[in-house]
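Visitor: If you read the protein sequences in the order shown, they are chains A and B.
The opening position of the first sequence corresponds to residue 1 in our numbering, with each subsequent residue numbered one higher.
The opening position of the second sequence corresponds to residue 1 in our numbering, with each subsequent residue numbered one higher.
Hints listed in this document are in silico derivations from the structure and should not be mistaken for laboratory results.
Please read these numbers as outputs of a predicted model, since none were measured by experiment.
Among the hints, erroneous ones may be present.
[As the list claims (entries may be wrong)] Selected chain B positions facing chain A (in silico; Cβ < 10 angstroms): (1) S355; (2) W356; (3) S616; (4) E620; (5) P640; (6) D644; (7) E700.
[As the list claims (entries may be wrong)] Keeping only pairs whose Cα atoms sit at most 27 angstroms apart, straight-line, the calculated DSSO-like set for lysine-lysine is: (8) B:K533 to B:K276; (9) A:K71 to A:K124; (10) B:K463 to B:K533; (11) B:K82 to B:K121; (12) B:K676 to A:K125; (13) B:K397 to A:K124; (14) B:K138 to B:K82; (15) B:K397 to A:K125; (16) B:K79 to B:K51.
Yeah, the Cβ is synthetic: ideal placement off N, Cα and C, and Gly gets one too.
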Amino acid sequence: MSQILKRLKVPPNSASLEEARTRTFEFFRMCCRSIPHVMEIYNLHDVVTPSQLRSAAAAEVRKNANITNPKVIDMLLFKGMEELMNIVNQSKQRHHIVGQYVVGNQGLVQDVSAKDRDASNFLKKFYSSNYS
Amino acid sequence: MGLGLLASRALRSSRIIRNSTRTIVSTPELKNADAAAAAAAAADAPSDLPKRNPVGGARVHLPNPDDVIEVFVDGYPVKIPKGMTVLQACEIAGVDIPRFCYHSRLSIAGNCRMCLVEVEKSPKPVASCAMPALPGMKIKTDTPIAKKAREGVMEFLLMNHPLDCPICDQGGECDLQDQSMAFGSDRGRFTEMKRSVVDKNLGPLVKTVMTRCIQCTRCVRFASEVAGVEDLGMLGRGSGEEIGTYVEKLMTSELSGNVIDICPVGALTSKPFAFKARNWELKGTESIDVTDAVGSNIRIDSRGPEVMRVVPRLNEDINEEWISDKTRFFYDGLKRQRLNDPMIRGADGRFQAVSWRDALAIVAEVMHQIKPEEIVGVAGKLSDAESMMALKDLLNKMGSNNIFCEGNGMSPNADLRSGYIMNTSISGLEKADAFLLVGTQPRVEAAMVNARIRKTVKATNAKVGYVGPAADFNYDHEHLGTDPQTLVEIAKGSHPFSSALKNAKNPVIIVGAGVFDRDDKDAVFAAVDTIAKNNNVVRPDWNGLNVLLLNAAQAAALDLGLVPESDKCIESAKFVYLMGADDVNLDKLPDDAFVVYQGHHGDRGVYRANVILPASAFTEKEGIYENTEGCAQITMPAVPTVGDARDDWKIVRALSEVAGVALPYDSLGAIRSRIKTVAPNLLEVDERQPATFSTSLRPEVSQKVSATPFTPAVENFYMTDAITRASKIMAQCSALLKK
Numbered sequence: 001m002s003q004i005l006k007r008l009k010v011p012p013n014s015a016s017l018e019e020a021r022t023r024t025f026e027f028f029r030m031c032c033r034s035i036p037h038v039m040e041i042y043n044l045h046d047v048v049t050p051s052q053l054r055s056a057a058a059a060e061v062r063k064n065a066n067i068t069n070p071k072v073i074d075m076l077l078f079k080g081m082e083e084l085m086n087i088v089n090q091s092k093q094r095h096h097i098v099g100q101y102v103v104g105n106q107g108l109v110q111d112v113s114a115k116d117r118d119a120s121n122f123l124k125k126f127y128s129s130n131y132s
Numbered sequence: 001m002g003l004g005l006l007a008s009r010a011l012r013s014s015r016i017i018r019n020s021t022r023t024i025v026s027t028p029e030l031k032n033a034d035a036a037a038a039a040a041a042a043a044d045a046p047s048d049l050p051k052r053n054p055v056g057g058a059r060v061h062l063p064n065p066d067d068v069i070e071v072f073v074d075g076y077p078v079k080i081p082k083g084m085t086v087l088q089a090c091e092i093a094g095v096d097i098p099r100f101c102y103h104s105r106l107s108i109a110g111n112c113r114m115c116l117v118e119v120e121k122s123p124k125p126v127a128s129c130a131m132p133a134l135p136g137m138k139i140k141t142d143t144p145i146a147k148k149a150r151e152g153v154m155e156f157l158l159m160n161h162p163l164d165c166p167i168c169d170q171g172g173e174c175d176l177q178d179q180s181m182a183f184g185s186d187r188g189r190f191t192e193m194k195r196s197v198v199d200k201n202l203g204p205l206v207k208t209v210m211t212r213c214i215q216c217t218r219c220v221r222f223a224s225e226v227a228g229v230e231d232l233g234m235l236g237r238g239s240g241e242e243i244g245t246y247v248e249k250l251m252t253s254e255l256s257g258n259v260i261d262i263c264p265v266g267a268l269t270s271k272p273f274a275f276k277a278r279n280w281e282l283k284g285t286e287s288i289d290v291t292d293a294v295g296s297n298i299r300i301d302s303r304g305p306e307v308m309r310v311v312p313r314l315n316e317d318i319n320e321e322w323i324s325d326k327t328r329f330f331y332d333g334l335k336r337q338r339l340n341d342p343m344i345r346g347a348d349g350r351f352q353a354v355s356w357r358d359a360l361a362i363v364a365e366v367m368h369q370i371k372p373e374e375i376v377g378v379a380g381k382l383s384d385a386e387s388m389m390a391l392k393d394l395l396n397k398m399g400s401n402n403i404f405c406e407g408n409g410m411s412p413n414a415d416l417r418s419g420y421i422m423n424t425s426i427s428g429l430e431k432a433d434a435f436l437l438v439g440t441q442p443r444v445e446a447a448m449v450n451a452r453i454r455k456t457v458k459a460t461n462a463k464v465g466y467v468g469p470a471a472d473f474n475y476d477h478e479h480l481g482t483d484p485q486t487l488v489e490i491a492k493g494s495h496p497f498s499s500a501l502k503n504a505k506n507p508v509i510i511v512g513a514g515v516f517d518r519d520d521k522d523a524v525f526a527a528v529d530t531i532a533k534n535n536n537v538v539r540p541d542w543n544g545l546n547v548l549l550l551n552a553a554q555a556a557a558l559d560l561g562l563v564p565e566s567d568k569c570i571e572s573a574k575f576v577y578l579m580g581a582d583d584v585n586l587d588k589l590p591d592d593a594f595v596v597y598q599g600h601h602g603d604r605g606v607y608r609a610n611v612i613l614p615a616s617a618f619t620e621k622e623g624i625y626e627n628t629e630g631c632a633q634i635t636m637p638a639v640p641t642v643g644d645a646r647d648d649w650k651i652v653r654a655l656s657e658v659a660g661v662a663l664p665y666d667s668l669g670a671i672r673s674r675i676k677t678v679a680p681n682l683l684e685v686d687e688r689q690p691a692t693f694s695t696s697l698r699p700e701v702s703q704k705v706s707a708t709p710f711t712p713a714v715e716n717f718y719m720t721d722a723i724t725r726a727s728k729i730m731a732q733c734s735a736l737l738k739k
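Just chain B, with the same shape it has in the complex:
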């Protein structure tokens, strides 16, 4: 390259600069940022600043008064604990800093640079999410320098971001869209081709449009830190950087749906929800998930009579802000296989639709022809407390006391509440430093509880011992054995793991609800009690003895005393009332027994039923559910009922009147005051009610543990109840992802 050429280039480029009148900065004072900053600093002498509240109404807990530092955010003094970042300090001061890569539950990456703020005596704007706040720091979030920095970052991010908001599913709830409106420039200088990235196949749940990705790496951090799968990663450098799975591979986590929520742009969206609705058309109903015993807080987004999607709600004590894939994607099952008319099986074995009047009359007539002790009621996994109360009252009025909830076994221990709930509480698991899992695979039984255990194991290096069949864990664990004999060894202290349990400060034992169905369950619980006693698991300040339930109805059923009079009641039954019970074993039921199925899905229970009474699903009714830690929560109706269906408790109440034994309540309020006399804790909604007495009051058992190995309680994570079995997405998941 000759000198002349170089000189002409320099000339040309300088001419371009001189002649350039086009600038992206739309606010004139930003063109001269430094001068404007100086002027602004001189102008505002902070005299009386209005009181500002933390973002989102958050409360700051200052544990140690010595570790408190004071910083100034926009001139407003704020006290924060040591170790907080500048961004957190700003949030406490009530200033929301724009961000893409920062997420409070994930590690800090600091790569999007959107959170730049100005700090006095710092030569450059600093990335507030990664900068620790120092005493006396003067942070300025609204200065021309900070604004200019944001505008610049926005321009770079939008350089390679496609302009496809009109066809993007994230449109309307997109961080990039919102922040470019708030902080971006109104014009761009980019004229070249945008880069494009090949979409990845992450499975049936997460749709990817990788060109939209802004490389915030939230999904990568979520997968490796919270979900515990090293599936996602960053490939390439510079402008060739992309998120992917390294090799063609599906994302196999049970929490994979959460990457849809944390993705700030439309790169990862919900595949079943793709192009179905816009978020501003949807009506959100705050409700509770019933597909497992955790009771995750969810928002049901519906449009008209249709549930369009399910998204999590924040609840620090239960599900934080995540939900499992089953909770998020089972909703299409609510549209399939629904029962919408009362039906009676005719002589030819076919069902015929009849009116409610006729259906109830037949059931009432048959019920009166049968001896009281041959009447059996079974509550299903998805039953709410009100309907179980009504069913128990109806059967008691008929003279029968054979009523139970499926999953609780035939002789459940309903006397001691501490014997069937999670005494440590889900959030309490974070304090533990040793876990003993007995016959439970929390990853498939209660994915959110498993996420807590994983969080604890990651934070405190807690030891996890597991007794049960070979299972998949996403954290370090020791497989101690497969049968209850191992428990006896640990109880005796001869097992190597017992020393780990003994040395632990806050040991936790979790027994799976699958044990309820074992013949030697009393002996297993006795062995667990001995382990608890020997290792100081239950103390006045710590209760580490837990049962992890499987179904949403279990805890409330035991609270309401749904215990059958005899454990052989199914064998001798002549009249069985299945209230949504599909997984109860009816093989031993006599052939001439009359079966009434009340429920919302045509599932297993219907095959044997003589009469079908259509009921509403949990998205269509108000009902109390108690989760595994003993916290009662209420579902809210999001959509109208299907066809001629009625709410569960109303059906039982109407049947009682037709049968001539009318129950004394005819409103939800009245049935709740009836529940109050039986289990007042069920009405303390959204507040965990701990058990009063510990399990040490349990009577001695002489039973010996058998050598039968523990069996998995949940065979297929994606299909556990009538709704999930009817779901097409869950069927795809079990075909592709089941391990």
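For reference, chain A alone in the conformation it holds in the complex:
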């Protein structure tokens, strides 16, 4: 897998939004194809399933769904590729992967009790931190 990635070069800019879109899908597929290898090298079998990692990758892509400028998309793709390279080459350590893609942004403690559902915004913010 890493051999394939090494041969990749920075492609020229996308001419249109359509081209950028296909490239994004290409990139996402590449991520998905590397997931089994990543699971293997970082020893993630007991903390996460491949489908969870796939949805984590998809969420990363979807975060930028609103962007329509092909140049910006190219830049984000480049950054995404860089991140993927780092992961596949094992430039990262296990806790990086666990922290960024397994636990996610919500943190380890996710105590969302049933009572909180009708709580006001103020109370939700109050529980999370003193600053909002």
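The hints should help you fit chain B onto chain A, whose structure is shown.
Guide: Only chain B this time, still in chain A's reference frame:
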């Protein structure tokens, strides 16, 4: 000594002079100062000078148009009142004269010679700080002669000043460092040994490195003129001159920390701050002090999450440019004994950390099981107006009206604002010519107010009468008695001091807030009112009837109407909400009462608490505090909150929602508009709001004064609240300096 020897000496010395090519003067025109001056005078014919503004944006008040004189500073005409010095005239003209010994709030010494300027028709440069400006004087501050004079003075000062700027705490904010860069020469001619002076031990607050001292005597003048202690003095003559305490002795003033600020070099620095940080690493936050009711303006210097030091800010109406030692050095208490997690006391009596969700749920559940009239809320000394408003609203929504602020007593008079604030205002005290202090020791209760009284007594020889327990004063006073009977005598006019009060033009009566806790407080205030009436203390143009409060929260609490429904509410309480209240007497509280402590320090209140809700300290939140003269001011967050703590008003607001009686505000702006409907004066920030009605509207009281003597309201100046009690420096001070 033979003639030959003398002759050879003369020859040698003349040869040395002739051969000397080394000169300290780096600017070539200074070598020939007189010629250059003449050339410069011929060159500039002042035609259109740019407009210059006074230094620091100061405004000049010319009281009497007849007493105005005109002088010329660098050719620029400036009008100043008679009696000003040349240095002050230059400041008004927008020229900052370098100085070391001159300080606008101290007497003039004129011994550093740094402020030399050239005055036309004067044979020598004159020391501008000591020279009165005369009409038509032509002052030149930027001529080669003045520059050369400064360079010379600088060289002499640096002759015996050690080259230890890299290890000096003053480095970066040192007058000598700055001025030697600006006015000094770039080389020195000094090759001998520098003199060294033995360091003095001035106590736990002020560190001395006496070798760095340049003998400006600012500290000596500060100690004797402002602080009122004759501790410091000058010993020796000439190069053996040094500042010291004559005999080995600690500096026992409550204002001693200010010598750190006025010292232009690093001779006197802060001992707790020594080697902790450099001033350019620090972030300054302009805030308010809450350790007493004066509300001194301070700057909190922080680095990251840590408060590194506290320094004063200029506010002419409140603290001028001084602060008390407690204000300056209590900050290490902010790092100790902090509460950082919500906690619940388990069955075994130990506290266990829980989440905010669980803590609030338990408090809300208990609160609903208790009858409304058995719920009591106590606001602490350090509470801000917003949290007191929220707490009062919460308790009222629960159906209870038993809420009070500690220090105000159980039946405070919150109806007449003039009955609990300092009506004369702190700066107004300077106009007074007779003082009657009733049950108050301003030196320990409000050191900055005491400094004002001392300033007045020194300037106008005002008489001071004092009724209360034996106390320490740093100005002349008459001890009239220890119990309220003396007041009755003064009211009747049979006491010798009443004639002094009667003859005074602007008499001032100051009643201490310790009186609030007395059983006969209404009678004491009635007696004071009678004295005021008989001696014309309250007039349309002068209100001399004052109450000196003790704590930062008191005035705002009374403005917001924190008055308990019954004065026995603690005895019958089943649920007590302590919002930072540590000094309230809980001995009579029933054993089965449920106590919630919301606060930032694990102090006395925590010992009895069942639930702890951690809150932020005043350095970590924005809050309105009203000082004893009725001036509302805002603290600003300087550092982040500790652990899982939250701002006080947020905790109360969150609790109200969990308890199902949600308060209708969820931002600081919204709670302030709620305060506006109750006490609009609290939102007039940084502006003193005088009381509208005088205390003469008070109802008649039939109570008689008791013979119980007044008691001291503050036992230990250095430890008055939760933060100062947690401070190590304050503990050292009370061990060493408490009188």
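Visitor: Does P640 of chain B meet its interface restraint, that is, does its C-beta lie within less than 10 angstroms of any C-beta in chain A?
Guide: holds (8 angstroms)
Visitor: Does the nearest C-beta of chain A fall within a distance shorter than 10 angstroms of the C-beta of E700 of chain B?
Guide: With Cβ-Cβ at 49 angstroms, over 10 angstroms, it is violated.
Visitor: Given the hint that K533 of chain B pairs with K276 of chain B, test it: the Cα-Cα distance must not exceed 27 angstroms.
Guide: violated (55 angstroms)
Visitor: Could you grab the alpha-carbon distance between K463 of chain B and K533 of chain B and see if it respects the 27 angstroms cut-off?
Guide: Distance of about 19 angstroms is within 27 angstroms: holds.
Visitor: Minimum Cβ distance from W356 of chain B to chain A below 10 angstroms?
Guide: With a minimum Cβ separation of about 6 angstroms from chain A (threshold 10 angstroms), the hint on W356 of chain B holds.
Visitor: Can the restraint linking K79 of chain B and K51 of chain B be considered satisfied, given a maximum Cα separation of 27 angstroms?
Guide: holds (14 angstroms)
Visitor: Quick check on the hint: S355 of chain B CB to chain A CB, less than 10 angstroms?
Guide: holds (7 angstroms)
Visitor: With the threshold set at 27 angstroms, check whether the alpha-carbon distance from K71 of chain A to K124 of chain A stays at or below it.
Guide: Not OK: K71 of chain A and K124 of chain A at ~38 angstroms, beyond 27 angstroms, violated.
Visitor: Run the distance test for K676 of chain B versus K125 of chain A: straight-line Cα separation, threshold 27 angstroms.
Guide: holds (26 angstroms)
Visitor: K397 of chain B and K124 of chain A: Cα distance at most 27 angstroms?
Guide: holds (22 angstroms)
Visitor: K138 of chain B and K82 of chain B were given as a pair; does the straight-line alpha-carbon distance stay at or below 27 angstroms?
Guide: It holds: about 16 angstroms lies between the C-alpha atoms, which stays within 27 angstroms.
Visitor: Let me know if the C-beta of D644 of chain B comes in closer than 10 angstroms to any C-beta of chain A, holds or violated.
Guide: holds (8 angstroms)
Hint compliance for this structure: hints 7, 8, 9 are broken, all remaining hints hold.
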